[in-house]
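Participant: Sequence:
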Amino acid sequence: MAERPPGPGAVCAYLAEHGINAAAEILEPGNEYKGEALPQKTRSHDADLLVMGVYSKKRLRASVFGGVTQHLLAQAELPLFFSH
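Numbering of the sequence shown is given in my numbering, commencing with residue 1 and proceeding in unit increments.
To be clear, the hints were calculated from the coordinates, so they are not data collected in a lab. The reader is advised that the hints may include incorrect statements.
Using C-beta positions, here's what the derived DEER-type ranges look like [unchecked claim]:
hint, residue 1, residue 2, range
1, 33, 79, 31 to 39 Å
2, 82, 44, 19 to 27 Å
3, 26, 74, 22 to 30 Å
On a predicted model such as this, the values are computed, not experimentally measured, just so you know. Just so it is clear, CB atoms sit at the ideal spot from N, CA and C, and this is done for glycine as well.
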């Protein structure tokens, strides 16, 4: 069985140990468009960087890279870090 990657809380704790103040927030599925919701959340937290996971499943990839990711790349107001 493959080892699961650390969750958002563990990543924030690790970063805190290295002097980086990080917060994780998971956006649940809803009616709002994530391409707009993510920048709003980063502004409300006065964030310096947006870290976002992207996945390689074909259907999901098409929706992510054709939608939210593309929107964020085009409209970025702060640095983006995408992880696969």
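Participant: All hints are to be evaluated individually against the structure, with a verdict given for each.
Facilitator: Here is how each hint holds up against the structure:
| no. | hint | in the structure |
| --- | --- | --- |
| 1 | 33 x 79: 31 to 39 Å | violated, 21 Å |
| 2 | 82 x 44: 19 to 27 Å | holds, 21 Å |
| 3 | 26 x 74: 22 to 30 Å | holds, 24 Å |
The structure fails to meet hint 1 from the earlier list, while all remaining hints are met.
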